[in-house]
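Residue numbers (our numbering), protein chains in the order written: chain A, 1 to 255; chain B, 1 to 436; chain C, 1 to 693.
If you are wondering where the hints come from, they were derived from the structure by calculation, not from laboratory data.
Note that CB positions come from ideal geometry on N, CA and C, so glycine has one too.
Among these hints, one or two may not hold up.
[Unchecked claim] To be clear about the criterion: a stretch of chain B counts as covered by chain C if any three or more of its residues have a C-beta under 8 Å from a C-beta of chain C, and this derived list gives those stretches: (1) 97 to 107; (2) 165 to 178; (3) 184 to 190; (4) 231 to 240.
[As the list claims (entries may be wrong)] For lysine-lysine, the following DSS-like pairs were computed, each having C-alpha atoms within a straight-line distance of at most 25 Å: (5) K146/A x K181/A; (6) K193/B x K583/C; (7) K84/C x K95/C; (8) K60/A x K195/C; (9) K91/C x K60/A; (10) K352/B x K84/C; (11) K242/A x K205/A; (12) K118/A x K146/A; (13) K56/C x K95/C; (14) K95/C x K106/C; (15) K106/C x K352/B; (16) K195/C x K209/C; (17) K86/B x K32/B; (18) K152/B x K86/B; (19) K583/C x K335/C; (20) K352/B x K195/C; (21) K195/C x K86/B; (22) K118/A x K140/A; (23) K209/C x K84/C; (24) K84/C x K56/C; (25) K152/B x K195/C; (26) K352/B x K193/B; (27) K205/A x K181/A; (28) K195/C x K170/B; (29) K95/C x K352/B; (30) K32/B x K106/C; (31) K335/C x K32/B; (32) K84/C x K106/C; (33) K56/C x K106/C; (34) K420/B x K140/A.
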Amino acid sequence: MSIPIRVQQLSKTFFDEGRGEVHAVREVSFECAAGEIFGLLGANGAGKTTTLRILATILKPTSGTASVMGHDVLEEPEAVRRQLGFSSSTTALYPRLTARETLDFFARINGCPPHQVKARVDYLIERFGIGDYASARVDKLSQGMKQKVALARTVAHDPPVLIFDEPTVGLDVLNAVEMQKVIAEFRAEGKAIIFSTHIMSEAEKLCDRIAIVHRGRIHACDTLAGLRAATGEHYLENIFIKSATAAAAASPGEP
Amino acid sequence: MSSTPRDSRERLRWGEVWVLYQHELRSALREKTIVLNSILIPILLYPFLLWAAFTGISYVAGRTEGFVRRVAVFHWPEEHPRLRLKLEYDNRYSVVEVTDVSTATNLLRAGMLDAVLEFEPARGPAAALPGNFSARISSDGLQERSREARDKLQAFVDQYRHDWLRREAKRLGIDAPGWQVFTIARENTATRKQMGAFLLGLVAPVLFVVMVAVGCFYPAVDCTAGERERGTWETLMTTAASRISMVTAKYLYVTTVGGMAGMLNLVTIALTLKPMFAPLLARTGKTLESGIPFSALPLALAGALLLAGFIAAGMMLFAAFARTFKEGQAMITPFYMLILVPIVFLQAPGMKLTMPLASVPIVNVTLMVREALSGTYHWPQIGVVLVSSLVVIALAVRLATSLLKVEDLMVGSYNGSLLKFLGTRLRRAPRPQTKS
Amino acid sequence: MNLDPRIIGVLLATELRMIFRDRRILFTSILLPILLTPFLILISHRSIRHYEQTLKTSEHPYAVAGERTNEVRALLAQVHERLKTNQQAFKFNEKTVTDAMTSLVKDEVHFVVRGFTGGQPRATNPPAAKGVPGPVDKPEGEAEVAGALVVELVFRGDRDYSAFAAGSMADALGESRRLLRSQALVQHGFPVQVKQMAVVENREIAQPKAVAGLRLGMMLTMFLFIFIMMGGAMVAADSIAGEKERGTLETLLTTAASRLEILTAKQLSILVMAALITLIQVGNLLAFVAFKGFPGMGEMSGVLSPGIVVLLIFLCLPMAALACSALLLVSGWAKSYKEAQMYLMPMMLLGIVPALAPMLPGASLRSVLVLVPMANLAIGVRDVLTRQFDWPMLVLAWVITVGAAAWVMRWSARFLLTERMITAADRDDVEAKGGLPLFQRQVWRWFALIWASLLIVSGFSEKCDLRVQLFINLVLIFFGFCCLILRYYHLPVREALALRAPRPLVWLGVLIAVPAGFICALGAFQVANLFLPAPQAMVEQLSQSVFPAHIPAWQILLGISVMPGIFEEITFRGVLLHGLHRKLHPAVLVVVVGLVFGIFHVALFRFVPTAALGMMLAAVTLLTGSIFPAMLWHALSNALGVLAYKWQIPENGLDPSIYLLGLGLLAAAFWIFWRQRTPYPGLRPWRRQCPPG
């Protein structure tokens with residue numbers, strides 16, 4: 001079986017009327033195996049979200065390739081999205097649908113066979129404990145319930161690959177911990193997970209391998225132990241600062 | 001409500017109002033939506049309409065220019081050679097030779113002819129007059145050209161009959177003055193300016209109300225619900241400014257923008273009215289001057305401000321309950337529609353500013369402006385208009401400030417609309433104010 | 001991307017479900033129209049009828065003046081008598097006043113009847129007020145007969161009741177005279193009644209159904225458009241812009257549904273809502289017609305047969321689709337619900353213009369209008385309702401409008417791919433920095449303002465001397481606005497206006513290009529004349545106003561050639577080009593600058609030649625990176641026009657070979673410009689370049 005996520009030499013440049021050409025992502029390469037959480041760690045505007053959006057086929061890469069479960073993001077975007085669950089702090093839920101309708105909708109739209117939809121939705125409601133709220137409208141739900149529905153909706157079609165783009169932004173501690181727990185469960189189920197964050201502790205705790213992204217480039221990519229060994233620092237924060245400054249020194253001309 | 005003594009924070013301080021007002025106005029001028037609706041549309045709309053009218057007219061003129069009325073005529077009456085000569089020598093007509101009537105009708109149907117004129121000798125009692133005839137004009141009502149040819153041919157025959165009658169009268173011994181009996185003349189003593197003002201009065205007031213309402217709409221939502229949405233409402237509430245100053249400043253700001261939109265509209269429409277109607281009037285040989293007479297300016301300005309004052313107060317009352325921009329919009333829409341109802345009455349000209357009408361909001365100000373534009377001033381009614389509008393505005397502002405003293409409204413946690421709120425509050429006895 | 005109907009079905013069902021759960025949308029788009037429309041129609045109908053009734057039944061006071069008042073009074077008494085016996089409702093009432101004309105001015109009487117002897121000199125009516133120009137209309141009426149009584153009705157045209165009263169009085173007097181004449185003829189032994197003479201009968205060859213259909217067809221599209229906008233606008237604003245704002249769009253885009261499927265579903269949901277509103281409104285109107293009886297609506301019933309209705313629906317579908325696509329485009333372009341709404345109003349104003357096409361007299365499908373989407377089908381609907389079936393043109397119109405709808409939809413699909421468009425958040429560096437980037441964003445705003453001021457001012461400067469007009473337009477408006485823009489955005493003058501020296505050989509190119517471009521613009525004018533014939537009267541009027549006889553030739557040359565060469569170039573090839581040069585692809589840039597230049601020449605028939613010249617000038621500026629060749633070209637070209645007029649050189653009907661020669665020379669000139677090019681700096685790359693690496 002092919003590697004679930006493979007990204008090679010991915011670049012994204014876009015034209016901004018104020019800033020001219022912006023190189024959001026430059027020659028990024030990484031892979032992620034099944035049952036692994038791959039972390040993208042970087043400051044705001046480092047290019048994490050752009051990379052993940054390219055993977056989710058929302059954006060098209062300027063150059064380079066990326067594939068999900070062997071499907072190229074440019075060639076077969078629909079096939080890619082069928083294998084993919086994408087969740088971020090900005091992907092919201094439809095406020096005027098009920099929780100059950102939401103799950104039903106996303107299962108169907110993501111190509112879940114019609115006769116299995118009901119069973120799948122029931123399973124999800126059971127698993128995430130939404131039973132009591134299943135027929136309430138999403139805009140009436142509490143923050144914690146919404147988060148559960150959002151997670152359930154991400155895996156509505158049981159995708160082998162999951163992408164979480166800063167999922168814990170705006171959540172309180174309890175909800176964030178809950179979220180981390182669920183993500184860990186998904187790993188145990190053998191899914192390939194990409195997880196981006198700018199919170200160091202989260203990355204330390206959750207990720208099997210971490211890539212440090214700065215100004216569109218990956219400056220280091222290894223397990224936490226590997227990174228510690230390479231930089232000689234213990235805390236991820238310091239590792240991050242060190243590799244970022246080293247990168248800035250290496251290529252001062254880049255904006 | 002007024003039983004508890006007011007603490008010092010509840011006082012209106014004009015210094016604060018001025019600072020807040022400037023702040024509101026400055027941010028409004030940087031807000032795309034407001035600039036577009038309150039400034040750009042009033043300025044650009046009428047020139048655009050002017051241009052569209054001009055382009056349309058020159059397109060039509062280009063296509064219809066040099067059109068002659070193509071007419072097929074059958075059985076010219078022998079006794080009336082002048083009839084034939086007159087038509088054939090008129091270069092606006094082209095008399096087409098067609099073999100028979102049915103062919104001509106087919107040509108007419110195909111658009112190759114504009115009208116078919118058939119003469120036949122009169123029958124029955126009408127035949128008592130030698131040379132009397134009747135005429136039949138066939139035309140195709142689907143073709144503009146054909147309709148026009150029909151009307152012109154009809155007038156042509158009517159004119160001929162007129163001349164013929166005069167000749168007959170002369171033959172019978174009736175002299176010219178006797179036949180004339182009397183001449184009817186008409187004279188319009190209104191000047192071009194007065195005609196322009198009349199036309200302006202027909203068009204402008206309706207647009208005036210609509211544009212003041214549009215001008216008020218966005219600022220009213222933006223400075224209440226919009227602020228809540230952006231989260232700046234709370235920031236503002238934590239400042240030392242008193243709430244009544246805040247409401248006053250916001251209210252003045254909405255009024256300013258609305259009034260400005262109204263005035264800008266009135267001015268551009270007055271400026272473009274003449275070029276817009278000139279090509280239309282040129283066909284009827286009339287001209288007009290347009291422009292706001294200087295004497296009407298103070299009343300127009302006062303009207304704009306009063307109207308804006310009323311609409312702003314109403315809109316803010318409704319929008320104050322909304323938590324998001326969208327919600328605010330939806331809450332204001334009924335009020336907006338309500339404003340548009342009275343102006344339907346104003347479509348008809350000839351409504352006068354009477355005393356009862358002078359106390360109906362919106363209608364009174366609109367009528368006042370319309371009359372001022374055409375140079376009519378009913379001073380007692382104008383007084384009533386001013387007083388009644390000010391009273392209504394004062395009431396609305398008072399209501400708005402007292403509403404905003406209520407806590408759940410103030411922090412924006414209230415979920416409902418103005419009507420719902422009033423419904424629940426009025427049923428309950430007014431509670432003494434307990435917050436600091 | 002293929003469309004899976006199942007997916008579209010799921011999407012559509014969800015969209016509709018959400019729409020129907022949104023109370024606000026239901027309220028504003030459905031409930032309000034249902035309640036309000038009949039109410040408004042009723043009120044406006046009633047108030048107009050009431051007004052007409054009031055005019056007819058109210059008393060109209062008048063005063064009698066002049067030399068032969070007694071005869072006039074006798075005449076009016078006759079009229080009164082006749083009106084009374086006929087039970088007609090006009091009420092006229094004589095009022096005794098000291099000075100009739102003053103009373104008229106003071107509005108004490110509605111009109112004045114003056115009686116005097118025809119053919120004799122008399123005092124003219126005093127003007128209404130001092131210092132204002134005289135009356136609008138010259139006294140109108142029949143030629144006076146010496147010795148006969150002249151009855152003059154003096155009224156105020158700016159008072160509706162005055163004009164109405166005088167008009168009905170004139171009619172009544174005319175009727176009286178007709179009766180008097182008839183009596184006189186009969187007394188003298190005339191054999192027949194006057195009304196039996198030269199009777200004219202009208203025969204309508206069109207079916208009455210078709211004539212009634214014409215009236216319906218002229219307005220049907222406009223109403224359709226308004227209903228679609230009413231029903232679709234809120235849904236559309238909510239459907240993409242609203243989703244962006246709520247963040248659900250990103251969620252949707254990461255599902256397996258393709259973008260085209262998403263858009264199709266959204267388009268369909270808007271269409272469904274629009275259709276619903278249209279149905280409701282039509283039902284509203286029909287109910288109203290059934291109960292109240294609109295004048296002239298009774299005959300409409302025969303207009304529609306089932307076949308026609310099916311055909312109409314078939315024709316209206318692409319129009320509805322186009323309108324919905326446009327709504328969707330606006331929604332896709334906007335970053336938030338609020339912004340989307342802001343764009344909707346101008347779009348409605350623009351969109352309604354083509355829907356008005358059937359009202360243009362003489363507008364037919366066999367003209368350039370067939371190429372205008374929406375307008376063509378609007379005319380087609382009218383033709384169908386008048387039973388004129390021009391099948392090939394109908395099919396062409398249908399295809400063109402469908403194509404336009406598809407194109408617009410493809411365009412909105414592109415927005416779903418653009419980074420900036422997907423998420424609501426945007427960092428606005430541009431606003432913060434100001435300068436050129438900000439100007440680039442606001443350039444259209446400025447040029448709309450310049451255009452509007454030009455139009456507004458032209459209404460007033462018409463009567464001024466040509467030199468004053470030119471000064472106002474060129475120096476005050478064009479140059480004034482340019483200076484304002486340069487200052488406001490702190491643009492460097494040299495770069496903004498492209499004040500650079502071109503290579504020397506370029507000047508030679510310009511000298512060749514001037515006559516060649518002139519001939520080509522004339523050719524473009526001739527070609528355009530086939531589609532949009534220029535009204536000869538307007539062309540002559542323009543020539544006369546541009547080349548008045550009393551101004552010396554050198555002043556005309558200065559005003560028509562040198563000054564436009566400088567100021568118009570600064571405005572269009574300087575500021576406008578600079579504002580757009582990074583926004584648009586160079587080829588598009590040339591076309592756009594040319595088109596704007598054409599639109600600024602206001603008159604429709606001048607559009608094509610000026611736009612052609614504008615494009616050439618923009619091209620030469622881009623190729624040489626300098627405004628000076630364009631200035632020289634423009635000035636010389638205008639001078640050539642002046643000279644051609646002065647020397648009576650015929651401008652139309654030239655030999656085709658001359659146009660070919662012109663085209664060849666133009667190509668040669670541009671070959672020189674190309675060889676000697678020093679391109680305008682900072683242009684977008686001609687081809688999209690791959691980023692390094």
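Hints, one by one, checked against the model:
| no. | hint | verdict |
| --- | --- | --- |
| 1 | 97 to 107 | violated (count 1) |
| 2 | 165 to 178 | holds (count 9) |
| 3 | 184 to 190 | holds (count 7) |
| 4 | 231 to 240 | violated (count 0) |
| 5 | K146/A x K181/A | 16 Å, holds |
| 6 | K193/B x K583/C | 47 Å, violated |
| 7 | K84/C x K95/C | 19 Å, holds |
| 8 | K60/A x K195/C | 84 Å, violated |
| 9 | K91/C x K60/A | 80 Å, violated |
| 10 | K352/B x K84/C | 29 Å, violated |
| 11 | K242/A x K205/A | 20 Å, holds |
| 12 | K118/A x K146/A | 20 Å, holds |
| 13 | K56/C x K95/C | 19 Å, holds |
| 14 | K95/C x K106/C | 14 Å, holds |
| 15 | K106/C x K352/B | 15 Å, holds |
| 16 | K195/C x K209/C | 31 Å, violated |
| 17 | K86/B x K32/B | 65 Å, violated |
| 18 | K152/B x K86/B | 13 Å, holds |
| 19 | K583/C x K335/C | 19 Å, holds |
| 20 | K352/B x K195/C | 43 Å, violated |
| 21 | K195/C x K86/B | 23 Å, holds |
| 22 | K118/A x K140/A | 23 Å, holds |
| 23 | K209/C x K84/C | 39 Å, violated |
| 24 | K84/C x K56/C | 14 Å, holds |
| 25 | K152/B x K195/C | 19 Å, holds |
| 26 | K352/B x K193/B | 21 Å, holds |
| 27 | K205/A x K181/A | 11 Å, holds |
| 28 | K195/C x K170/B | 18 Å, holds |
| 29 | K95/C x K352/B | 22 Å, holds |
| 30 | K32/B x K106/C | 49 Å, violated |
| 31 | K335/C x K32/B | 13 Å, holds |
| 32 | K84/C x K106/C | 29 Å, violated |
| 33 | K56/C x K106/C | 22 Å, holds |
| 34 | K420/B x K140/A | 20 Å, holds |
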